[in-house]
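**Student:** Listed here are the chains, written in short residue letters.
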Amino acid sequence: MSDTADQTVVVPESGAGRSDMIVLEGVEKIYPGSTQPAVSQLDLAIAQGDIVMLIGPSGCGKTTTLKMINRLIEPTAGRILLDGKDVTHVNGDQLRRQIGYVIQQGGLFPHFSIADNIGVVPKMLGWDKQRIKERADELLHLVGLEPSTFRDRYPRQLSGGQQQRIGVARALAADPPVMLMDEPFGAIDPITRDRLQDEFLEIQRTVGKTIAFVTHDLQEAVKLGDKIAVFATGRLEQYADPDTILTRPANDFVSDFVGGGAAVRRLSLVELAHLELHPIETDEKAADSRNGVAVAEVDGSGKPVSWRHLPGADAAGTPLVTVPISGSVYDAVDVMLDGSASLVAVVDDEGRAQGVLHWNDLVGGLRTRKGDA
Amino acid sequence: MSTATSETVDTQAEAAVEEEEKKQGTFARLWFQHYDLVILPMIVILLLLFLFLYVGTRDLDTIEVRVLAFDNVQGLLAQHLYLVLISTILVLVIAVPVGILLSRRSARRLQGPVLAIGGFGQALPPFGVLLLMAFAFSFGPTTAIVGLTLAALLPVLRNTVIGLQQVDQSLIEAARGMGMTSRATLFRVEVPLAVPVIVAGLRVALVLNVGTATLASYIGAGGLGELVQQALRLNRINVLLVAGGIIAALALLIDWLAGVAERIVVTRSG
Ligand SMILES: Nc1ncnc2c1ncn2[C@@H]1O[C@H](COP(=O)(O)OP(=O)(O)OP(=O)(O)O)[C@@H](O)[C@H]1O
Ligand SMILES: [Mg+2]
Chain U
1 MSDTADQTVV VPESGAGRSD MIVLEGVEKI YPGSTQPAVS QLDLAIAQGD
51 IVMLIGPSGC GKTTTLKMIN RLIEPTAGRI LLDGKDVTHV NGDQLRRQIG
101 YVIQQGGLFP HFSIADNIGV VPKMLGWDKQ RIKERADELL HLVGLEPSTF
151 RDRYPRQLSG GQQQRIGVAR ALAADPPVML MDEPFGAIDP ITRDRLQDEF
201 LEIQRTVGKT IAFVTHDLQE AVKLGDKIAV FATGRLEQYA DPDTILTRPA
251 NDFVSDFVGG GAAVRRLSLV ELAHLELHPI ETDEKAADSR NGVAVAEVDG
301 SGKPVSWRHL PGADAAGTPL VTVPISGSVY DAVDVMLDGS ASLVAVVDDE
351 GRAQGVLHWN DLVGGLRTRK GDA
Chain W
1 MSTATSETVD TQAEAAVEEE EKKQGTFARL WFQHYDLVIL PMIVILLLLF
51 LFLYVGTRDL DTIEVRVLAF DNVQGLLAQH LYLVLISTIL VLVIAVPVGI
101 LLSRRSARRL QGPVLAIGGF GQALPPFGVL LLMAFAFSFG PTTAIVGLTL
151 AALLPVLRNT VIGLQQVDQS LIEAARGMGM TSRATLFRVE VPLAVPVIVA
201 GLRVALVLNV GTATLASYIG AGGLGELVQQ ALRLNRINVL LVAGGIIAAL
251 ALLIDWLAGV AERIVVTRSG
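Residue numbers (full-length UniProt numbering), protein chains in the order written: chain U, 1 to 373; chain W, 1 to 270.
Misleading hints may appear alongside valid ones.
Here are some, though not all, of the chain U residues that point toward chain W, as calculated from beta-carbon distances under 7 Å [stated by the list, open to error]:
#1 L72
#2 R97
#3 Q105
#4 V120
#5 V121
None of these hints come from the bench; they were simulated from the model. For each residue, glycine too, the CB sits at the ideal point set by N, CA and C.
Please put together the full structure from these sequences, using the hints given.
**Tutor:** Pasting the structure below:
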């Protein structure tokens, strides 16, 4: 074990020109009455604007680590810096008002309306009523819920997925630079979870928070994380970007944890927008002249509906399936398997065809577009 | 595709909720949810009506007329309500704060012993307690009120402790995690969510007190028990019937009122 320890020591990255927002230095937690530390000698630096996923088997200290950052749990040893300031000894309540916090069950107060739930922290910070109200509406918009419908409802009148969105909105209320999320989508059904994750990434693109996110789902970690921190009992085993974790696990523990499906999981890291796709033609006249190009029939609004011509394949016998260009290769594979199709049309937001991805591309090597990493 | 599926699921759920809201007007919904509350007052009204008609058909002698005179009954009823009200308020003022204190982390070890003492107070026969206290201190309403308070402390104390205990731990964590002080968490989250359980305890205490207060007349504190005593002393069966009927009607009505209050509180706090 001791030889791998060196690899896991985190060297703060200064190359990207971003400062570290959250820094843990030699942080340790030994619960009273326990001899084993729940977290031992943890060094971790999270760059501003990054989403860092904390992952590991149950009981390995993820929640403990998260709660030490906002001092819901007091570290036994070590220092915690937020935006360069040592917060190990500041007033905990004041500190927590500056940090967004989302937990698994949403933790919405059942006796508060949705608007009041969102307004909890702003109210404590002394905002006036009008400003709190406007902020609540703004955030409801942000998380995709119509303010006039939802602001006066009570949590029990919302579905689990909606409640979780309110949980995120509430954490964002006072616009904290840092967010801590403890398995926020853990209790949600897979379909809704997938959508919440997409929305979450969308929101993060606009708010750019620094986020520590606990999960036990590797798929989620790979999808959401800029970096992943893999924990074993009480210690950090590897801290790197998802691709590195999947392709170059630092030790046996991590490779066991990542498991056999690494190659498949990597597919979700590759965005379709970054790929060199095969051309697709929807112009009828071009159909005969270009032999090597797939040609699709389109409906009135320009959306492809069926194949007219496929090079080297039976166009009539191949169903036309589509995947949005905002998705990943994983989504494309999903669609192809689902539709029993050996190729998929990649479409833009309006549903218009942008290109084609073939099943064979997956094994033949995916080509990324020039200029993209 | 997955996105489309989940959207339909969500919209369907929303549509269902909204439709339900539209279908039922406010009044219709209230009636539908609470029509059972109408049953008890009707029984009480029937009981009193029956009593009134029955007594009306009897030839009452002068003593009976005097005892059953409106002024006499009303005075005793007022005394009775006074005893019940004051002792219940005292229970509320003592048991709820003590229950809250007991639920604090630092005082949790005391919960067992204090609840045991409360249980002891409840297990003692109230009649005996009232008599002993009257001999030890004084006869009269003050002693009666103290006795009633002691006998009814436990349900409220216990329900306060339980009510606070059953508050979802994740809500407390969410509150603290957002920077609420432990005090604010207590008064804005824990106590409001425990109120329905506390009110249920108060209802038990109230009903207990209505019954026990009939014994207060034995230590000179008046109340409807006095009417019973007069009937027994004078050997007038009609008076006894009326006394019993009024006491039963009062107990039922007060329980009903407390039930309504409980329903309102529960609806409010969801
Ligand atoms: N309040 C506490 N008192 C004592 N021990 C605790 C306490 N909280 C957690 N622990 C212990 O510390 C260890 C780490 O717990 P933690 O909750 O951080 O795990 P986790 O990684 O979040 O697990 P999970 O994935 O199950 O949520 C566990 O062994 C747990 O039993
Ligand atoms: Mg946990």
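**Student:** Taking the hints in turn, state whether each one holds.
**Tutor:** We went through each hint and held it up to the structure:
no.: 1; hint: L72; result: holds, 6 Å
no.: 2; hint: R97; result: holds, 3 Å
no.: 3; hint: Q105; result: holds, 5 Å
no.: 4; hint: V120; result: holds, 6 Å
no.: 5; hint: V121; result: holds, 5 Å
Violated hints are absent here; each numbered hint is respected by the structure.
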